[in-house]
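Enquirer: Each chain is listed here by its residues.
There are 2 protein chains.
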Amino acid sequence: MRRSIATVCVSGTLDDKLTAAAAAGFDGIELFENDLVVSPWSPAEIRRRCADLGLTIDLYQPFRDFEAVPDELLKANLSRAERKFGVMAELGTDTVLVCSSVSPAAVDDDDLAAAHLSLLADRAAAHGMRIAYEALAWGRHVSTWDHSWRIVQRAGHPALGLCLDSFHVLSREVPPDDIAGITPGKIFFLQLADAPHLRMDVLQWSRHHRLFPGQGAFDLPRFLGLVLSAGYDGPLSLEVFNDIFRQSDPARTAVDAMRSLTLLEDRLAPLPAVPLTSPAPTSPAHLALPAPASAAPASTPLRDSPASAALRVSPASAALRVSPASAAPRVSPAVPLADRPGVRRLPPAPRLTGHAFTEFAVDGHSGPELRTALRGLGFAHTGQHRTKPVELWEQGACRIVLNSAVTHPGPAAISAFAVTSENPPLSLARAEALSAPAHPNVREPGEAELAAITAPDGTSVFVTHPGDDWRSDFLPTGTASGPGAGLLTVDHLGLTQPFDHFDEAGLFYHSVLGLDHLPTEEYAAPYGLMRSRAVADPRRTVRVALTVALLRRGEWAPAVSDPQHVAFATADLIATAQALSLPPLPVPANYYADLAARFGLTDDFVATLREHGILYDRDPSGGELLHLYTPVFGGRVFFEITERRAGYDRFGEPNAPVRMAAQRHRRLTTTS
Amino acid sequence: MRRSIATVCVSGTLDDKLTAAAAAGFDGIELFENDLVVSPWSPAEIRRRCADLGLTIDLYQPFRDFEAVPDELLKANLSRAERKFGVMAELGTDTVLVCSSVSPAAVDDDDLAAAHLSLLADRAAAHGMRIAYEALAWGRHVSTWDHSWRIVQRAGHPALGLCLDSFHVLSREVPPDDIAGITPGKIFFLQLADAPHLRMDVLQWSRHHRLFPGQGAFDLPRFLGLVLSAGYDGPLSLEVFNDIFRQSDPARTAVDAMRSLTLLEDRLAPLPAVPLTSPAPTSPAHLALPAPASAAPASTPLRDSPASAALRVSPASAALRVSPASAAPRVSPAVPLADRPGVRRLPPAPRLTGHAFTEFAVDGHSGPELRTALRGLGFAHTGQHRTKPVELWEQGACRIVLNSAVTHPGPAAISAFAVTSENPPLSLARAEALSAPAHPNVREPGEAELAAITAPDGTSVFVTHPGDDWRSDFLPTGTASGPGAGLLTVDHLGLTQPFDHFDEAGLFYHSVLGLDHLPTEEYAAPYGLMRSRAVADPRRTVRVALTVALLRRGEWAPAVSDPQHVAFATADLIATAQALSLPPLPVPANYYADLAARFGLTDDFVATLREHGILYDRDPSGGELLHLYTPVFGGRVFFEITERRAGYDRFGEPNAPVRMAAQRHRRLTTTS
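The listed protein sequences derive, respectively, from chains A and B.
If you count the first sequence from 1, position 505 lands on 505 in the UniProt record's numbering, and the numbers rise without skipping.
If you count the second sequence from 1, position 641 lands on 641 in the UniProt record's numbering, and the numbers rise without skipping.
Take the hints with a grain of salt, since some may be wrong.
All copies of an identical chain are treated as equivalent in the list; a pair is satisfied when it fits inside any one copy or across any two copies.
Stated by the list, open to error - DMTMM-like cross-link-like pairs, simulated, lysine to aspartate or glutamate; straight-line CA separation at most 20 Å: (1) Lys-388 to Glu-447; (2) Lys-186 to Asp-94; (3) Lys-75 to Asp-603; (4) Lys-186 to Asp-649; (5) Lys-84 to Asp-603; (6) Lys-75 to Asp-108; (7) Lys-186 to Glu-369.
Just so you know, the hints here were simulated from the structure itself, not pulled from any lab data.
Required output: the full structure, derived from the provided sequences and hints.
Expert: As C-alpha cells, then:
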C-alpha cells in the first residue's frame, strides 16, 4: 500500500514540505492549492522536484463550491476548472478533490448536483483526469458520505468517484458500515485523519484540531478496513489540519505522520463476519455540534448493483434518476484484511514488566542536592560505575542513577529511563520499524550492552530484560539497599513535553512501547492552563505522565521550566512519611480545609494527612490516591510518593496546582 | 462606583494577583476559591494583606452544585456551606456566589431549588452573610438569568439575591431587557466579561475565550445600563477566564482590565425611553451552541411588585408558589445614566486627521538598507535633525524618520509613529485617564515639544497637531520632496504584536485613540495560523493593522521575527509601480494563474498586475485592493503600496501568505 501525505499537514513553504515528506519515507503527496500558489516553482518544476524526491503527486486539492448552482455560475465554475486541469496536467497529477459546496448559491437538488458533476467529469475525462467528490461535514446541502455516494451513483460517470475523508465521515452521525458496500473502483481517494472528541462547531474542529491516526479518538483501523473491503487500492493519505503541526518542525511532523500510518496499517484487523449494515456500535456523532434533532442511521445499503447499473442514464441528461438500492446485506470479505498482500505488519510489542532505572544528569550544583534528597527519601548509594562518574542509588525495586558526566552544566534532568521488556530485541525491532531506531549506549569493554531509543523530548529510553545484569557495571559501595522509607517501585514518571511535540510523544509511547493512552486531563495551574495525558501498560507496571502547557509559555514565566519528576509507590504512605528524613513539600492549611468540605472526610483523617503534607484525591468509583511531593531540586526535578487505593488509576491532577504554588512559595522563601 | 476584579482574571499565585490588582487601582477583588486553596496564607492573613493593599474582598466564589438535590445530598451540601461560611468570616467577606447546579443529582424543580436556596440563605444570614445565585449558561436545569430570578423571587428571602454575569446572560437567547425591572436591591453582585462571537460549546467559550469589556462583541454598555437601572450599586467586577491572560504578566493584565472598566463606565449611555420589554434588537443568542430549537423571548416582565410581595410564602415551606408577575411594561429611568453620580467620564477622544510621521530605529547595518529602500520608493532625504543622528525623508504627505541614535544594535524597527489630532492635549489627557500616561520626548532646548504614549508592543505613539512645526527641528538638506513615485500618505501601519498582548493592544488603540476595531481575520500562513485585527478612525485617516500568531511561535521559526511595515497609499498603483526604482517583491506566477481562475479577471489585467508584482483582492461589495510589497529590509521591516478602489476596507489578508513565502524565498536566494 502506498503512503501519502497532504502538504497541509506540515509547516513551511512547499520546499520544506516536500523535503520532509520524502525524508520520512512517504511515497506521494496531496498538493494543497495554497502551497502551489505561494511557490516560486512552476507546476512543471514542482513535478520535477517531486520526481527527484521519489514522490508522486496523488491528488490536487481542493476545488470548492462547484455543483448545483445557477447556469451562469456553472459556466464560470467550469471555466475555473479548466484552468485547474491545465495546472494539473503540468503537475502530472490526474485526480482533483471536489468538495461539496458551501456556497449560498448552491441549491438542494441531487439531480442537479449529479448533472453538474457529470459535466465536470466529462471535462476532466477529456484531459485524462478524474473527479473525487467529497462530502464536507459542513457542506451546505451535501454533508454526509452516503449523500455524496448517492449523487455519484446518480451521475454514473466513470470519471467521477468518491473521496472519503475519515474526519468528515466519522465526525457525523451516519455510520460508516455501508462504505464496505461501495462499488469497487468508485472510491477514488482516501484521506485519513484522527481527532479528539470535542464539543464544538464541526468546521472549527476539523480545521484546527485534527490529529494523526492513533492520536485521537476515532476508530480508524475499522474505518480503513471498511474502505479496503470496498476494493480501494489507492494511497493511504493523511490530511491533518492542526494548529500545532502547522508551526512546528516539518521534518519531525512528517516522521510522526509516518509512524502513525505504520501503526494504523498494523492495526488492520479482520472485519467481523457480520452484516455490515448494522449501525456502528459506538458513534461519535453526538459529539459533533450542531447535532440534528434525530439522526437515524441509514438502513438501506447503497450499492451500485448490476441491476442499478443497467438503469444508469446519460450523465448530461437532465432527467437523472436514483438507482434502486439492493436490499441484500453485504457481508465482510472472507479473507482477513490483515492477510491482504501489501499490508505491512509490525513486530508485536512485547509485554513490559516495569521500570528498571531512572537516570538523572547532574552537575556540581545539582548533584549534591539530589544526593541529599535521595538520602532523605531512604535511598542508599549502593554502586559506583566502573568507568564513569555515575552512581547507583537503590531502595526496594526503585533504582536511581546519578550521572555526573554532563558536558553542559545546567538544571538537573531525567536524561534517561529504562523499562524492562519480556523481549528487548523485539521491542527495539518494533521501534526501528516505527522510525525510532535504537542507538547503542556509549560503553567500555566488558560493560553491559544497553540500547536506547530517543523519545520526542530527547530522553533516552532503554529497553532491558528483567534478567539483564546491567548493575554489574557498578562496583558495590558496601552500603546495602535496606527497606528505607518503604518505597517499593516506580509508580510513574512525570515528564513535561516540548510544546510542539506533545501529541508526537503520546503516539511515540503508544506505538513504540505499546502503552495505552489514559484519558486527557486539563487543569488551571497558577501560571496557565495545563494538559496531562499518561501512557501506561495494561498491568500498570510502566506509567509515564506527559504534561504540556496549553499555550506555549512566554515572557512572564515564574514557574519551573519543564519540570520532571519520579513518583515512587508505597503500600502505606503514612508509614513512609513517618520514615522520611526529608521534609515533604509544605501544603497550605487552606487545602485541607477545602479537602474536608469537598470530600466529607473525617477530621481525624484530614489531620493525619495534614500532619504529613499528604494530598488526597478520589475518583468517581471510590479509588483513592494519597500522595506527597518534595520541593524542587537541582532547579528542575522533584519526587512524589504515592499510595493508590482501590484501583485509583489517575495521577492526582487536581492537586498539581497546589504543588506548583507550594513549590514557588518555597523558592521565594528559601532564596530570599 | 467601585471597581473589582476576580482573581481568576490574572496569572500567578494569590500574592501576584493581589499586588497586580492593587497596583492597577482596583478597589476590591472576587476571591476565586482555588486561589485561596493553594495559598500559604491563612484567610485572616489574606484579609490583612488585602487591607494593606487597599482592597476589599467583595465576593467569595464559586459554591457549586448546591440546590434541588435529594435530602441526603442537601445535608452534605449545607455542611459543606457551613465550612465555607467559616472561611468567609475569617476573610471578612459577606457574599458568596452560588452558581446553578450542573450535578446529575439535581432535579428540575423550581420550588425545590427555591426552598433549598432559602435554607442556605437562612444559614448565611445567621453569619451575617448573603447568597448571590447565578444561572450558569450551561446549568443543568437553570441556565438563563430570568429563570434564576424566578427562583430567587419564589424563595423571597432577604439574604438571597442574584449574581448577574454578562457572559452568562448575553451568551444565551433570553434578552437582557427585563433586567432593568428586577426589584431594587435584589441584584447582589455584577460580573462583567466580554467575548467574541464563537460557534462553540458555551462552557468552553466561557472558560477559555472571555475578554475584558471592549475587547469582544457583547454590548456591555447597554447591559450595564440595564443593571444600574435596577438600582444596582455594588462593585463593577470583572470575571474573565482567558487562556492568554492566565499565563501573561499579571501586572499588565490588571492595567488592561482597569482600562477596560474605565472605558465601559464612560460608555454608559442614557437608556432609550422605550419600554424595556421589547426584545433586544440584536441578540448574539443564535451563536451560542447548543441552541434550543426555538428561543422565544420572555414577553412578561418579571418584577417583584408590591402585589406579588404580599403573596410570598415562607421560604422553608414545601408549598412554594410563583409570584404573579406584573403586566405593566417597565420604562427606563428619566435621568440619563451618564449623569448618575459616581460615573466617571473620560475626556472625549478628539478627531484624528492622519499619520504625521513614522520613525524607524536603525543601526549601521540596517540604516543603509533603509535609505536605499526609501530612495527606491521615491522618497527624498529632506532634513537632518539639529542635534541628533536623525534624518527626515519625505514624499507627498508621507514622512519617515530614520533614527540612528539606537543604543543596542539589532534589526530595524518601527520605534515610534505620530498621528495628528485636532486636540493633542485632550488626546493625552484621555490617555492618562486610561492608564497610559504620556512621557515627554527627550529633547534639547528649542526643539518642538512632543509627548508620546507607549503602546503595548513598546512603540511610542506621538500625538501632534496638524499645525505643529516639529519639522523645524530638522535642518533642510537642500533636497526637496518631489512627486516621487506618487505616494500620497500612509495607508496603514502593520505591527506584529507580542503574543500575550494582542487583545490589550486592540483595546489600547480603541480606548486611548478612539479608533474602531475592524473585523478580525484569520489565515493560514506558511509557518502557522495568523490573526489580524485592524483599528482605524471612522474616516480612515489613521489605520493600524495588528497581527499576531495564533500560537506563540517556537523552536522552528524560519519566518521574520515580529515583522513590521508601513503601507503607503497611491491613487494609481500601476503608474507608481512604473515610477519605482526599487524592484518589488517577486510574486509567483502560480499566484496569477490562481487569481485569474478565482476572480475571473481578464488576461490583460492579470498580465499587467503580474508585470508589476501587484497583488489583488476583492471584497464582497466589489471594493478592490491593488497592492505590492517590498522585500524585508534591516532584518525586520518592509513596505507596501496600496491602491484602494470602490471603498475596499480590508488589508489584502488573503495575500499575506504569498508575501511571507516570497520574502522567505528571497532571503534564501539572496543569502546563499
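Enquirer: If a hint holds in the structure, say so; if it doesn't, say that too.
Expert: Structure-based check of each hint:
With identical chains, the CA atoms of Lys-388 and Glu-447 are at most 20 Å apart within one copy only, with a shortest distance of 11 Å there and 69 Å across copies. In this homomeric assembly, Lys-186 and Asp-94 come within 20 Å of each other (Cα to Cα) only inside a single copy, at 15 Å, whereas the closest approach across copies is 70 Å. For the identical chains of this complex, Lys-75 and Asp-603 are inter-copy neighbours only, at 17 Å across copies versus 79 Å inside a copy, given an alpha-carbon limit of 20 Å. Taking the shortest alpha-carbon separations for Lys-186 and Asp-649, neither the intra-copy value of 46 Å nor the inter-copy value of 46 Å comes in at or below 20 Å.
In this assembly of identical chains, the alpha carbons of Lys-84 and Asp-603 lie at most 20 Å apart only when taken from different copies (15 Å versus 74 Å within one copy). In this assembly of identical chains, the alpha carbons of Lys-75 and Asp-108 lie at most 20 Å apart only when taken from the same copy (19 Å versus 57 Å across copies). For the identical chains of this complex, Lys-186 and Glu-369 are neighbours neither inside a copy (66 Å) nor across copies (58 Å), given an alpha-carbon limit of 20 Å.
Violated hints for the displayed structure, listed by number in ascending order: 4 and 7.
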